[in-house]
Amino acid sequence: MTEMLIIEARRTERQYWRDLWKFRELFYFLAWRDFLIRYRQTIVGVAWSFIRPFLTMLILTLVMKVGKLPAGGVPAPLFVFCAMLPWQFFSTAMSECGNSLVNNANLVSKIYFPRLVVPASSVIVSFVDFLIAAVFLAVLMFFYHFTPPPQILFIPFFVILVFAVSLGAGLWIAALMVEYRDFRFIVPFVVQFGLYAAPVLTMTSHVPERWRWVYSLNPTVGIIDGFRWCLLGGDNLIYWPGLALSVLVTLSVILSGLWYFRKTERTFADTI
Amino acid sequence: MGDTIIRVEHLSKRFSIGHKREDGDGLRHLLERSLRNPLALWKRCRGEREEFWALQDVSFEVQRGAVVGIIGRNGAGKSTLLKILSRITEPTSGRIALGGRVASLLEVGTGFHQELTGRENIFLNGAILGMSKNEIKRKFDEIVSFSEIEKFLDTPVKRYSSGMYMRLAFAVAAHLEPEILIVDEVLAVGDGAFQKKCLGKMQEVSRNQGRTVLFVSHNMAAVLQLTTRAIVLEKGRLRFDGPTEEAIERCAGIISSDSAVFFPVENLPRQYRGTERVRFVSFHFDRPAPIFSPGENFLFIARVRALEDAPRIRFSMTVFTGEGVPVGSCFGAERPGLRCGDEAEFEICIPNPRLAPGHYCCGVSVGKGDNRTAQVDYDTVLETLAFEVRPEEGHDGTMAHWSRGWGPVVLPNLKYQRAARVNGANGETNGKAVFLNDLAV
Numbered sequence: 001m002t003e004m005l006i007i008e009a010r011r012t013e014r015q016y017w018r019d020l021w022k023f024r025e026l027f028y029f030l031a032w033r034d035f036l037i038r039y040r041q042t043i044v045g046v047a048w049s050f051i052r053p054f055l056t057m058l059i060l061t062l063v064m065k066v067g068k069l070p071a072g073g074v075p076a077p078l079f080v081f082c083a084m085l086p087w088q089f090f091s092t093a094m095s096e097c098g099n100s101l102v103n104n105a106n107l108v109s110k111i112y113f114p115r116l117v118v119p120a121s122s123v124i125v126s127f128v129d130f131l132i133a134a135v136f137l138a139v140l141m142f143f144y145h146f147t148p149p150p151q152i153l154f155i156p157f158f159v160i161l162v163f164a165v166s167l168g169a170g171l172w173i174a175a176l177m178v179e180y181r182d183f184r185f186i187v188p189f190v191v192q193f194g195l196y197a198a199p200v201l202t203m204t205s206h207v208p209e210r211w212r213w214v215y216s217l218n219p220t221v222g223i224i225d226g227f228r229w230c231l232l233g234g235d236n237l238i239y240w241p242g243l244a245l246s247v248l249v250t251l252s253v254i255l256s257g258l259w260y261f262r263k264t265e266r267t268f269a270d271t272i
Numbered sequence: 001m002g003d004t005i006i007r008v009e010h011l012s013k014r015f016s017i018g019h020k021r022e023d024g025d026g027l028r029h030l031l032e033r034s035l036r037n038p039l040a041l042w043k044r045c046r047g048e049r050e051e052f053w054a055l056q057d058v059s060f061e062v063q064r065g066a067v068v069g070i071i072g073r074n075g076a077g078k079s080t081l082l083k084i085l086s087r088i089t090e091p092t093s094g095r096i097a098l099g100g101r102v103a104s105l106l107e108v109g110t111g112f113h114q115e116l117t118g119r120e121n122i123f124l125n126g127a128i129l130g131m132s133k134n135e136i137k138r139k140f141d142e143i144v145s146f147s148e149i150e151k152f153l154d155t156p157v158k159r160y161s162s163g164m165y166m167r168l169a170f171a172v173a174a175h176l177e178p179e180i181l182i183v184d185e186v187l188a189v190g191d192g193a194f195q196k197k198c199l200g201k202m203q204e205v206s207r208n209q210g211r212t213v214l215f216v217s218h219n220m221a222a223v224l225q226l227t228t229r230a231i232v233l234e235k236g237r238l239r240f241d242g243p244t245e246e247a248i249e250r251c252a253g254i255i256s257s258d259s260a261v262f263f264p265v266e267n268l269p270r271q272y273r274g275t276e277r278v279r280f281v282s283f284h285f286d287r288p289a290p291i292f293s294p295g296e297n298f299l300f301i302a303r304v305r306a307l308e309d310a311p312r313i314r315f316s317m318t319v320f321t322g323e324g325v326p327v328g329s330c331f332g333a334e335r336p337g338l339r340c341g342d343e344a345e346f347e348i349c350i351p352n353p354r355l356a357p358g359h360y361c362c363g364v365s366v367g368k369g370d371n372r373t374a375q376v377d378y379d380t381v382l383e384t385l386a387f388e389v390r391p392e393e394g395h396d397g398t399m400a401h402w403s404r405g406w407g408p409v410v411l412p413n414l415k416y417q418r419a420a421r422v423n424g425a426n427g428e429t430n431g432k433a434v435f436l437n438d439l440a441v
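Protein sequence lines, in the order shown, are assigned to chains A and B. To convert, note that position 100 of the first sequence is 100 in the numbering used here; the numbers rise steadily by one, no gaps. To convert, note that position 138 of the second sequence is 138 in the numbering used here; the numbers rise steadily by one, no gaps.
Honestly, the hints are just simulated from the structure, not real lab data. Quick caveat, the model's predicted, so the values are computed rather than measured. Don't take each hint at face value.
[Unchecked claim] Pairs of lysine-lysine, DSBU-like flavour, derived with a Cα cap of 35 Å: (1) K151/B with K22/A; (2) K22/A with K197/B; (3) K197/B with K235/B; (4) K139/B with K22/A; (5) K201/B with K110/A; (6) K263/A with K22/A; (7) K137/B with K22/A; (8) K110/A with K158/B; (9) K133/B with K263/A; (10) K110/A with K235/B; (11) K110/A with K151/B; (12) K235/B with K263/A; (13) K22/A with K201/B.
Generate coordinates for the entire structure from the input sequences, incorporating the hints supplied.
And the structure:
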């Protein structure tokens, strides 16, 4: 005899996480679906995952050359790409994640499953793109005969950090978007603007010392610096207080995101 | 108690209906208002919205293996109840204890993705409905053969016909093997043969596998066919819980208008203006729901009022299918009529109209004369008197099937007037007709 399942006004937290585990295959299936349909009816198919970052890198490198921006003693494409890697992941993951619930509104309003599965799996899809772009970076380094410094061992830490901040921001937006579709228009703007607010084209060290901590409140600043420090070394130093601040902000974004998502989740089906 | 699989205790669900906000919904409005009046934001979160109880203090129990119908008119709280049972939304108060996995066919095909192939969608939909990958693999062939789409497995479902789409979707859902199956209006789609297959599957699920089924439908005939017990909801409250026939009876007055049994027509505008010597006041069926069994006499009661003297009157009627196609007409004989101001009731019967299962509607006229004499209609009422003929019970206890392509009339069973062997295989008849009755066949 199976145990009784209790449905009450306030479901217990423990049961939720147990359900999440029970539905773990759904993570995989939703991510698999999003990945399958992404390149359906395209000619070059998965190659787009390479072409997109390549084109962006070309353009940004061009901008750097024209603006004669310093590249921290490494080839400009490498300098740009090391920043683009986390930035691209953050921006796509955040917006995909933010849209995920509304895009799957039919599922949310018709079938039960822990809602966390939907935004989380959309971040995973973006993460696959991130990995593909990382392979592209390796090819680029090989092309420039560039050997990464020993700090590269710390890269997993920064990957986790960018994953956490993307998911956290995504959860906030996803939950808010259920009621306020305004975020559908706000997010692309934030992403566009963020490219300039984050040190993708510049180095953090150019920001006046007095204002650096303010700048570091943007969690992507510490993350991008971290990526450059791990992968390129050289002039790309880490501003440690800034990094600490980034970690703090990231932690609060992911925790508050989870909290808000869980809090509003019970009414998603009614409001979506 | 040991065999109770669903126990619902004092279940309530409150919705707050967002009242129409003048300058639109969304964030701008929220910001604007909170700028104008910082308290407004707080107020908005606390009430100020109209509250509405979709369910109120509903309690019932369901035993393992039971098939229970849930009926009630639109907005009675049926869907809300099912949504809570399938955990899509949370109750405001109350408690439910479930003794097994719940699968809901709230809307078959949810989670199908247009771009994915049939094969991919089986896996995706299975996972969404809570099956594990191994479970889906195990049942894959069964699902495919049930849905009859073998040839199109690797075609994106966006190229499917709607029938194929539905079949595949139902096939996945039907193979879930949950302990509790929730079915809501799935049978509204698909052709007759497929509907029968679905109903058969549901019966199999409950009878042979001992699973519990909650069945929600407006199709009273199907509810009557499938369930022995039904729950009637009205305005969020449980109004009746007991034998289906009685439930439908209780429900009759409150069910949506298309299954009403009383039709006040006196003040209804008429499509055809008659001479108005006599006018219809009302019709009603002498039964709890406008459902007739096949082979049964069609019977209703018409009340008329004479606005002038009408020395002789007769009634006539035309039966239309649910789609508005005429099936046939008939006239009654003239009979002594009414004096001005009289109100009279007539019980009108068509002896066994031989209608096939389905929905029908009649047009009724009162007048004089018929197709062989000069005919005058005093009053005609169309598209009001709607009824349903329920499917016949098959030999195996399931619903007998009548394809829509066979037409709306069940003709009398054919008879063999003569059966003769004309040219036997052995040539023993030599071209002479030999009656089969005489042959040892």
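Status of the hints after comparison with the structure:
| no. | hint | in the structure |
| --- | --- | --- |
| 1 | K151/B with K22/A | holds (33 Å) |
| 2 | K22/A with K197/B | holds (32 Å) |
| 3 | K197/B with K235/B | holds (33 Å) |
| 4 | K139/B with K22/A | holds (20 Å) |
| 5 | K201/B with K110/A | holds (22 Å) |
| 6 | K263/A with K22/A | holds (21 Å) |
| 7 | K137/B with K22/A | holds (18 Å) |
| 8 | K110/A with K158/B | holds (21 Å) |
| 9 | K133/B with K263/A | holds (31 Å) |
| 10 | K110/A with K235/B | holds (22 Å) |
| 11 | K110/A with K151/B | holds (29 Å) |
| 12 | K235/B with K263/A | holds (29 Å) |
| 13 | K22/A with K201/B | holds (27 Å) |
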